[in-house]
Amino acid sequence: MSQDTQATAQADGFLVATGSDGRLLAGAIALLGIAVLIGGAILGLLLEGVRDFGGALAAFDSYLFRIVWFTLWQAVLSTVLSVVPAIVVARALSRHPTFPGRALILRLFALPLALPAIVAALGILALLGRAGLLAVPLSALSGGTWPGIYGLSGILVAHVFFNLPLATRLLLEALDTVPSDQWRLASQLGMRSLSTFRLIEWPAMRAALPGAAGLVFMLCVTSFTIVLTLGGGPAATTLEVAIYQALRFDFDPARAVTFTVLQVALTVLVMLVLARLGANTAVDANLPVTRRKFISPGYAERSLNAGIILLALAFVAGPIAATVVAGLSADFARLLTEPAVRQATTTSIVLAILSALLSVMVALSLAAARRAAAAKRSKPARVFEAVAGTGAGFVLVVPPIVIGAGWFILLRHTGAVFAVAPAMVVFVNAVMAMPFVIRAIRPAFDAAAERNDRLCAQLGISGWNRTRLIDWPALRGPIATGLAFAMALSLGDLGVIALFGSDAVQTLPYLLLARMGSYRTDDAAGLALLLGLLCLALIFLADRFGAKGAS
Amino acid sequence: MRKKLLSLLVIASAFSVLPAHAQDKLTIYTYDSFTAEWGPGPQVEKAFEAECACDVEFVAVADGVALLNRLKLEGESTRADIVLGLDTNLTNEAKATGLFVRAGIDQASVKVPGGWSDDVFVPYDYAHFAVVYDSEKLANPPKSLHELVDGDPNEKIVLQDPRTSTPGLGMLLWIKSVYGANAPEAWAKLRNRVLTVTPGWSEAYGLFTKGEAPMVLSYTTSPAYHMVAEDTERYKALAFEEGNYLQIEVAGITTTGAKNPLAAKFLAFMTGPGFQDIIPETNWMLPAGATDKPLNPAFGKLPEPTKTLLFSADEVAANRKAWIDEWLAVMSR
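Residue numbers (the numbering used here), protein chains in the order written: chain A, 1 to 551; chain B, 1001 to 1333.
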């Protein structure tokens, strides 16, 4: 029995067990949709694996072992290079609650997460590439011509750009959980910087460290865009990029199946380890609240910490600034009137809106169904509650490129591979964004239900009136956040469109990659700026709308 | 049931994307430098449209090998009437897909080194692969493939990926035909000189002319472009002592094109002066058919390869995957 028929049977079971409650039905449909999407991909991979078992087996060669090794090696290096400096930066930020512009710096540190990877890759190239803004001083420093940062070094710089701020924020959060009493006590005992670190700060950070490191490792193991754009040749290829190349370069589906299975095995393994470590796999975008700390660092420490903070700031702000500088040199008047650019922008925005709406609908259905199931006492209802609740998070085990690869292989005989591109981008990104959207929506949904369910039942408010008067005001903030996040994710998608894109269906990142490939650097920089601004505008709007909704 | 539903969906989506096949339209899949503003595409389109009173649509795919992959993926539902831009190294594999039909045109005017006998694919140009170098940056260019392989690793070359690009595949076969079983060792040495491996020819040549590397894999004919268009002899091609590998570029009619009478008409047009006169100074290759205009004298200043290297289509078809895997294993080290 295939995965999705199994899911259908289970869903049917729920329906029988729970009657015709609309909320449960919506949840079951949402789960069924997810099951079909993932199940279809697995079906495609299985069928191909069975059809050409020899070919799948033959893929176990030295090349395979080398890319698995490289995948892990670059992830380990990226994690170490992101997390170790993050300890120092987080501590510096924690010890200077009144550092000028601290809140702004923390906001800036949240920015890379919202930026599409291809924009960041371009920003880093614009800064550190062979023809980058810093190429001249770097050439002088290295005593020759600056070789650029293709290959492992480029991948590492990009991964640290994304993950150093993330790890810093996670560790800072941990530091902020230290009770004020402890700081006061440390101050009364006259503890010096080093003993404070050893006795107070380090234990707090150590508890959060495995989770933060695990999360960064996971993000680096599944990194596609960065490796594709900055890898530069077969020597710097990860499993995800190899899957793409096996399908689009070699046209070797059997090999792609082997790579995909390994990739899933790897992510499952990392997820399991993460779960054991108790990591928070969905990234929280909350700004840490600073408690009063009784710290009075000396002059030397103060300047050292200021130096550390400024260095980290330069590292994060550099590529962002370079994106803007390089982007402004593009010929926007021509670029924006080019039919290909207009078409790609429209396609990107339409697909992102569809994907975001779908994602929010799925998340709402699941939240409602979970709530409804929780109210029932039957066993199937409890299983359903668990699946609709935590189970949804497990879609993260299957990276977009894996789902894409499965469907690509399944559909390749039909000749419709390139025609389904829009649907694939919408569905895959909607499902990928869902765990994050659920995180944004469900707490508010549950709280509102907790508060209002009985009252509404007593007053007889239900249906549209209840949605309009009771639920919408409480939920519109979180919904806006979820929508914006899902849209940003879909706008930045390259994994799915790289597989399914063609001259017929192009999105902004796809066009960007093509312009980058043909070394039309100015065009690429202009498009990157456009894409980056789109995503940031979304996040900003969500912030605004979300804050209004909450107040 | 599921399968039926799926195929229905597929048919529905195919119809929504594909316009109804108008008889007076010809769709040609080719590589991207062919359709570039400075490439032969725009002129060819104009010339043939004037002759046939039809609409020619070029669809550009990165490079020759990617072109074949694209066709394999689309299968019989492909929109392409004609695929233009495969080379002799790929013709056997292309025929094995069953997606090409006999050209059915008179190929008497076709002339390429070594002669031509193939009833499916029709050649439109040819040239030898060659390392092209910047004489202002490189004082002592390699005189042989061995010197290229063993030379100073600080003097870089840009190559193309044999999985997507016909020049990339050409380089692979070139090394194979000179080094034989020792090819992996040769690649292991050469990889230190490789600046980067690009997916297609145009990316590589763009990097070279931007000055990122002093050498690039291109064609013996490439310097003619710089002589004619830029009036400079700065960029020179190298005839290697071991000989140069030959590329013959071909076009063929697909099963879709078999239903379109314009397809055969285009291939016939392709072997005549209307097409062939455009090729030398846009695609910068040598014409493989009848021309009306003499070649630009710049082509006379190009190096003549001492020996032509070429595997048979069968040999390439039988070994391509194994040789590419061998290359991957070395290059991923």
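Derived by calculation from the structure, the hints in this document are not laboratory data.
Some hints could be false.
As the list claims (entries may be wrong) - Computed list of lysine to any residue pairs in SDA-like fashion (alpha-carbon distance at most 25 Å, straight line):
(1) B/1307 - B/1038
(2) B/1156 - A/152
(3) B/1236 - B/1274
(4) B/1321 - A/139
(5) B/1111 - B/1321
(6) B/1137 - B/1214
(7) B/1321 - A/261
(8) B/1095 - B/1058
(9) B/1143 - B/1233
(10) B/1321 - A/53
(11) B/1307 - B/1292
(12) B/1095 - B/1314
(13) B/1210 - A/139
(14) B/1095 - A/52
(15) B/1156 - A/131
(16) B/1259 - A/152
(17) B/1293 - B/1038
(18) B/1210 - A/413
(19) B/1095 - A/414
Status of the hints after comparison with the structure:
no.	hint	in the structure
1	B/1307 - B/1038	31 Å, violated
2	B/1156 - A/152	19 Å, holds
3	B/1236 - B/1274	29 Å, violated
4	B/1321 - A/139	41 Å, violated
5	B/1111 - B/1321	30 Å, violated
6	B/1137 - B/1214	6 Å, holds
7	B/1321 - A/261	22 Å, holds
8	B/1095 - B/1058	22 Å, holds
9	B/1143 - B/1233	18 Å, holds
10	B/1321 - A/53	17 Å, holds
11	B/1307 - B/1292	28 Å, violated
12	B/1095 - B/1314	11 Å, holds
13	B/1210 - A/139	18 Å, holds
14	B/1095 - A/52	22 Å, holds
15	B/1156 - A/131	16 Å, holds
16	B/1259 - A/152	50 Å, violated
17	B/1293 - B/1038	19 Å, holds
18	B/1210 - A/413	41 Å, violated
19	B/1095 - A/414	20 Å, holds
When each numbered hint is compared with the structure, violations occur for hints 1, 3, 4, 5, 11, 16, 18.
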